[in-house]
Each structure stands twice: as C-alpha cells, then as structure tokens.
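A.B. asks: Same order as they appear, the protein sequences are chains A and B.
Residues 128 to 367 (our numbering) are what the first sequence spells out, left to right.
Residues 128 to 367 (our numbering) are what the second sequence spells out, left to right.
Mixed in with the good hints there might be a few duds.
Straight-line C-alpha distance at most 25 Å; calculated DMTMM-like pairs for lysine to aspartate or glutamate [claimed, not checked]:
| hint | chain 1 | residue 1 | chain 2 | residue 2 |
| --- | --- | --- | --- | --- |
| 1 | A | 158 | B | 177 |
| 2 | B | 165 | B | 177 |
| 3 | B | 165 | A | 183 |
| 4 | B | 251 | A | 349 |
| 5 | B | 198 | B | 224 |
Keep in mind that the hints were calculated from the coordinates and are not lab data.
2 protein chains.
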Amino acid sequence: MVGKSQIKLIKSLQLKKNRIQHQLFVVEGLKTIQELLKSSFEVYKVLSTDEDFVTDHEEVSELISSADLKKISSLNTPNGYLGVFKMAKLGTIQLNDWIVAVDTVQDPGNLGTIIRLCDWFGIKNLVCSTTTVDCYNPKVIQATMGSITRVNITYLNLSEFLQASELPIYGAFMEGEKVYNSAISSKGILVMGNEANGISSEIAAFITKKISIPQFGDQTAESLNVATATAILLNEIRRA
Amino acid sequence: MVGKSQIKLIKSLQLKKNRIQHQLFVVEGLKTIQELLKSSFEVYKVLSTDEDFVTDHEEVSELISSADLKKISSLNTPNGYLGVFKMAKLGTIQLNDWIVAVDTVQDPGNLGTIIRLCDWFGIKNLVCSTTTVDCYNPKVIQATMGSITRVNITYLNLSEFLQASELPIYGAFMEGEKVYNSAISSKGILVMGNEANGISSEIAAFITKKISIPQFGDQTAESLNVATATAILLNEIRRA
C-alpha cells in the first residue's frame, strides 16, 4: 500500500510549479498509462485499486485504496489507475518538415486535441509559447489519447523562435488567401492562435503567408474552434 | 428582482426531462444570449446582475443577485447573464444538400463543435440519433458559440431515417477509401459515430460509401476525435 508522503507528493503535482520542481506528471486511465509504459517516458509509479494489475506490474506499481485514490485524483470519479511519470527531456526541433506552433492556446482540451492531430498527421514537433497551457496538465494528457508520447513538445519564446527561423511561416486569418487555392510549401511553420483573440499582433508580424479556411452557405458562423481549424489546415498541408 | 418560483423553475432545467416538459432551455454568457435574442428563438426571460443590461432590455429581463445566480448557474463562476429560451419548432429536413447525421455522440463539447462546424460549412440540417446528447444541454449550447441558432437539429430514429433515405450515405471507417481520391457526391448524408465505438454496426449497415482520412508519418495515432474528423470531412466535401 502506498504511503502518506507519496500521496502528498502526487497530490501536489496538480499544480504546475510542483510538476516542474519534481519533473513529474500524472496520468489517469489504464489505456493512456499503458501507452506511456510502452513509450520512452520513464515511469515513477503506477497506483491502482486493481490487485491483478499491481501483481502484473509489481516492479512499478503499488496498490491504493479507493478512498486514497479519490484524494489524489483530478477526476470526479477516479477510474482505478493513476500513473506518475518523469517529464521527457526535450528533443531537438527538426526543421525538415512542418512544425506546428501555438500562440497562447489556453484550453487544455484544445491543446490535447492539437497534440493528437500532430500525431495523426505525422508532425513531429510542436512548439508552444510560454503563455500556452502546460502540456503536462492532466486534462491535456487525457485529450491527447496517448499521442503525448509521440510528439516532441517545446515551450519557448515564440517571437524569438519565429524571428530566427528561415522556414515559411503560415497563419490563419479571415482575410488570408483561401487555402484551397494556395500553393503549399513542403515544409514550414503553421501558427495557431488563442481561442478568443487568434494570433497576437506581436506574432502576426512574423507570418509570411496568411491563409484562410473558406466558409460556405450564408457565412454566418463567426469562427472555427482552434482545434478544428488545426485539423483542417494540417489535412490541407498533407494532402497538398 | 426575480422570484423564488422562477428560480426553482430555471434550476430544474438542468435536467433534460424538465427541459422537455417546459420546452425551455438555458444559455449563459452575454454573447450567446445576444445571438439568441437576434435569432428566431423566442425569449422567455434573461436574468442578469448587470443593471444597465436589464434597463436596456426591460421587456425581457430581470435583475438577479449574484447569490441567486450562483444557485441556478451550471458554471462554477457564473458570468452575470443567464437566458432562458423556448425550444425551436423543428424545421423540415431539406434533402437537396449534405446532411450531417450523428450516431450516439455523447460528449457535449463534441456535439457543440459539430453544430458550429455545420454552420461554418453551410450545412443546414443535423440529424441526431435519440442516443445522442441533448443539444439543449448547456455545455452543448456553450460550445456552439451561437451556431445553435442557425442549424436545424432533429432527433430521430437514425436507422429508420437512413433506411428511408435515397441519398448516398457516407461514413468514416479505417478501411474506407481515402477521401482525397474519392469522387464526392454533390449531396448526401455524412454519418459520424460515437467517441469510443465509432459508427454502430446497426447504422454501418446503411453506409453506401466508406471513406477514410489518410494518416501520415509513422501512423502511430489510433484515431481522431469525432469533432476534428467532422471538420476534415466537411472541408473535403465542400472543397470537392
């Protein structure tokens, strides 16, 4: 059975500053935990109410009571499995393919979905402004459905990164060229903006090609959600 | 100031059965309320803590205290505006363009995003299996960002609807024809399935064209989220 000090440590990981201090993050759900155990992420500990699971993974896991699990889970109804993993060392950002860059994406579900999309479309590198939600936030991990293990995510000063880049830099703007008519480069950086405000003016200054997703019918909709816009644009980039 | 019986009624609308009984639903947030006030939805009442708003809309609105608003809001931090509207009478389903059909989509955010996508891509009609989350659920309304007012949504027996239809019926399957190579019909029904299980076998029997969204890179991702898959497929249908 897991001890009190462990419970206290794991509970503290709900806050970003403690995740950074300990270089640990929490994952809930059997399926995602199994994906992480198979990945290059190093496991710290898996806690479970499932005795069979603990027996099968005795080197890395410990039994936990439902009551204790409820104390440390970020879910309303914990599902019986909580894994703690070590944060990944940053990989090198490869510049020979498309890169996705996000500027202050704040909803965990949106960032998680964008990570899952990068995985689907074979985008190896995602760069995030330091104002973007932490990718080790449990809701982000949840929404990635395991894709967190296959995308190299780097937090950096996005202005400096774009300024230093020699790749074409694409961004979606209402007044941009319709993406269907656009000759799309074989590599580049696709910048996606904040949910409410889009790409900030500071970052917009670095965009070398403004594109737009055509709208149909009465054109009454105001905008697309950032994750669905990313889906459409990555599909356009890959089908080109 | 709003009375106790009104508060009790509005609070009861958090449950679907009460929404159906009273034919009323709740919307929170100034922007969406303003969209609904401009739309064909009939207003029942808008409650607000904002005296200026109430003065400007005196025929339809009443002042509410922050404490009372907290009691009836479904948000952790209510934002000062709560509207109650009458459910729309069902429009006729038009068969001269694409229709989106959802089979047991259960996450409110996903259904709301799909409604927003229909609006963007000029899809007038969305049909939902009766096992799909209620479109008047506050989280669905929230995620539509006002698009709920511009898409005709019908709950029906999806099997019967598809069986009676003479339109081509498309569905996404891993083994389907790659959508990039596919000759896409000028009208039809696009069926999207449940988050975990995809299109049910009962519904799959009616699909006349199986399509797939190509995957890239190492092809390690397991699937796409249903809302992002809808985004990509509607974009493919409209760009065809």
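A.B. asks: Indicate, hint by hint, whether the structure satisfies it.
C.D. replies: Results for each hint:
1. 158/A / 177/B: violated (46 Å)
2. 165/B / 177/B: Answer holds: residue 165/B to residue 177/B is near 19 Å, not above 25 Å.
3. 165/B / 183/A: violated (60 Å)
4. 251/B / 349/A: The hint holds at about 16 Å.
5. 198/B / 224/B: violated (44 Å)
The structure fails hints 1, 3, 5 (numbered hints given earlier, in ascending order).
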